[in-house]
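With chain P fixed as given, assemble chain U onto it according to the hints.
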Amino acid sequence: MIFREVEDPDLIARTKRGKVEAYNLLVSRWERRVFNYLLRLVGHREDAMDLSQDVFLKAYQNLARLEDPTRFGPWLFRIAHNEAFSHLRKKRPEMEWEPKSLETLAAPRTESVELVLAVRKALGRLSEDQQEAVNLKIYQGFKFEEIAEILSCPVSTVKSRLYSALDALKVTLAPIDTRGAE
Amino acid sequence: MNCSQHDLKGYFLGELARPERGEVEKHLEACPLCREELDRLSLTKAALASLPDEEMPHRIAFVSDKIFEPRGWARFWNSAPRLGFASAAMLSAALVIFAFVRPSPAVSPSATDPAAMEARVESEVAQRLQAVLEKTVAQASDAQNRKTAELLADTERRIEMGHRADLVAVQEDLQALAQRWNNLRVSMASADFGSAR
Chain P
0 MIFREVEDPD LIARTKRGKV EAYNLLVSRW ERRVFNYLLR LVGHREDAMD LSQDVFLKAY
60 QNLARLEDPT RFGPWLFRIA HNEAFSHLRK KRPEMEWEPK SLETLAAPRT ESVELVLAVR
120 KALGRLSEDQ QEAVNLKIYQ GFKFEEIAEI LSCPVSTVKS RLYSALDALK VTLAPIDTRG
180 AE
Chain U
0 MNCSQHDLKG YFLGELARPE RGEVEKHLEA CPLCREELDR LSLTKAALAS LPDEEMPHRI
60 AFVSDKIFEP RGWARFWNSA PRLGFASAAM LSAALVIFAF VRPSPAVSPS ATDPAAMEAR
120 VESEVAQRLQ AVLEKTVAQA SDAQNRKTAE LLADTERRIE MGHRADLVAV QEDLQALAQR
180 WNNLRVSMAS ADFGSAR
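In order, the protein sequences belong to chains P and U.
In terms of numbering that gives the first Met the number 0, the first sequence opens at residue 0 and continues consecutively.
In terms of numbering that gives the first Met the number 0, the second sequence opens at residue 0 and continues consecutively.
If we strip away everything but chain P, and leave its shape as in the complex, we get:
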């Protein structure tokens, strides 16, 4: 008998056969990543939590449309992307008067407050597209090809957004004159 780790496609197949427990296990593997991706997009914990639940419910209801179970991650984040931007579009009028406050995010326990504020400020200067590219690449670790699938755009566009974002962040977070001082 050969033992191997249960992989996402196994859980997806069991979920399609009506096993809710299998889906709950799949959710437990991805919920933290989805929540943090949404939190960085919408900047509000409760909204990110509500959106995360909506994303996993929608994913469950549409799981039959997932043709390649090995692409579950990008497919799930595509749903999350759509949900987040649908949410942001609805809130856009009030956000114009009250800009998204990154301070609503909980302060990390181990990092210096100055560095955290500097990072948030640097990220806040990026365009939405650049922020999301950084979110998906640096924080979620997706490949260019997967990010292109999530955002429904060419890989070249992903690279362009990410490289320009890194150039902008680098100026603030790793300036030439201070490099090596730490």
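Incorrect hints may appear among the rest.
As the list claims (entries may be wrong) - Stretches of chain P that chain U covers, calculated by requiring three or more beta carbons in the stretch to come under 8 Å of a beta carbon on chain U:
1) 111-117
2) 137-147
3) 164-173
To be verified - Pairs of lysine-lysine, DSBU-like flavour, derived with a Cα cap of 30 Å:
4) P/K158 to P/K90
5) P/K89 to P/K120
6) P/K158 to U/K146
7) P/K57 to P/K90
8) P/K120 to P/K90
9) P/K142 to U/K25
10) P/K142 to P/K15
11) U/K134 to P/K120
12) U/K25 to U/K44
13) U/K134 to U/K146
14) U/K44 to P/K158
15) U/K8 to P/K158
16) U/K44 to P/K142
17) U/K25 to U/K8
18) P/K89 to P/K57
19) P/K120 to U/K8
20) P/K158 to P/K142
21) P/K142 to U/K8
22) P/K120 to P/K142
23) P/K15 to P/K57
To be verified - Cβ pair distances, simulated, as ranges:
24) P/R64 to U/S122: 57 to 65 Å
25) U/G13 to P/R16: 34 to 42 Å
26) P/F2 to U/A98: 53 to 61 Å
27) P/R64 to U/E121: 54 to 62 Å
These are calculated hints, taken from the structure and not from any lab test.
For every residue, glycine included, the Cβ atom is placed at its ideal position computed from N, Cα and C.
Just chain U now, kept in the frame of chain P:
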């Protein structure tokens, strides 16, 4: 060597295939500017990492409930024997269409009442039994009548034949008597003529 030929950011982000990665590493050994650039990218990434993932307010879990089940058509469409289901569905649809197109007999309201339906069935059974009984009695009566008529006709025929036989016998007897009477008269006449001579 021109630094712009190398995708340093792609290398830093782990997106290059093995041959390109090797070329960039070889270039880095000889290019202090690209090494510096790579250091700055590393610092930037480390700074970004100061914003770690946050814990969720609560976990997400689903229960087995109808509202969370996949839609019926989705489960049907993804089931293995869907062709069989599809065939059955088409057949069912054809039957339903046929049932709607074909004029159906009017159904009285009492048709759905069990008591009325039972009374109707009993009445129908009684009527059919009566009809069968009457038919059987009629058939038996006809057979009996035919038999009686045949017997009567046979008896009449036999009586007629007996009468005829009797008549023939009487006629024969009368003829014999007449013959004997003639013979007697001839004898008497002969005797009278002989005595006269």
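Taking the hints in turn, this is what the structure says about them:
no.: 1; hint: 111-117; result: holds (count 4)
no.: 2; hint: 137-147; result: holds (count 4)
no.: 3; hint: 164-173; result: holds (count 5)
no.: 4; hint: P/K158 to P/K90; result: holds, 29 Å
no.: 5; hint: P/K89 to P/K120; result: holds, 25 Å
no.: 6; hint: P/K158 to U/K146; result: violated, 114 Å
no.: 7; hint: P/K57 to P/K90; result: holds, 21 Å
no.: 8; hint: P/K120 to P/K90; result: holds, 22 Å
no.: 9; hint: P/K142 to U/K25; result: holds, 24 Å
no.: 10; hint: P/K142 to P/K15; result: holds, 27 Å
no.: 11; hint: U/K134 to P/K120; result: violated, 107 Å
no.: 12; hint: U/K25 to U/K44; result: holds, 23 Å
no.: 13; hint: U/K134 to U/K146; result: holds, 18 Å
no.: 14; hint: U/K44 to P/K158; result: holds, 16 Å
no.: 15; hint: U/K8 to P/K158; result: holds, 9 Å
no.: 16; hint: U/K44 to P/K142; result: holds, 16 Å
no.: 17; hint: U/K25 to U/K8; result: holds, 15 Å
no.: 18; hint: P/K89 to P/K57; result: holds, 19 Å
no.: 19; hint: P/K120 to U/K8; result: holds, 22 Å
no.: 20; hint: P/K158 to P/K142; result: holds, 10 Å
no.: 21; hint: P/K142 to U/K8; result: holds, 13 Å
no.: 22; hint: P/K120 to P/K142; result: holds, 26 Å
no.: 23; hint: P/K15 to P/K57; result: holds, 14 Å
no.: 24; hint: P/R64 to U/S122: 57 to 65 Å; result: holds, 60 Å
no.: 25; hint: U/G13 to P/R16: 34 to 42 Å; result: holds, 36 Å
no.: 26; hint: P/F2 to U/A98: 53 to 61 Å; result: holds, 56 Å
no.: 27; hint: P/R64 to U/E121: 54 to 62 Å; result: holds, 59 Å
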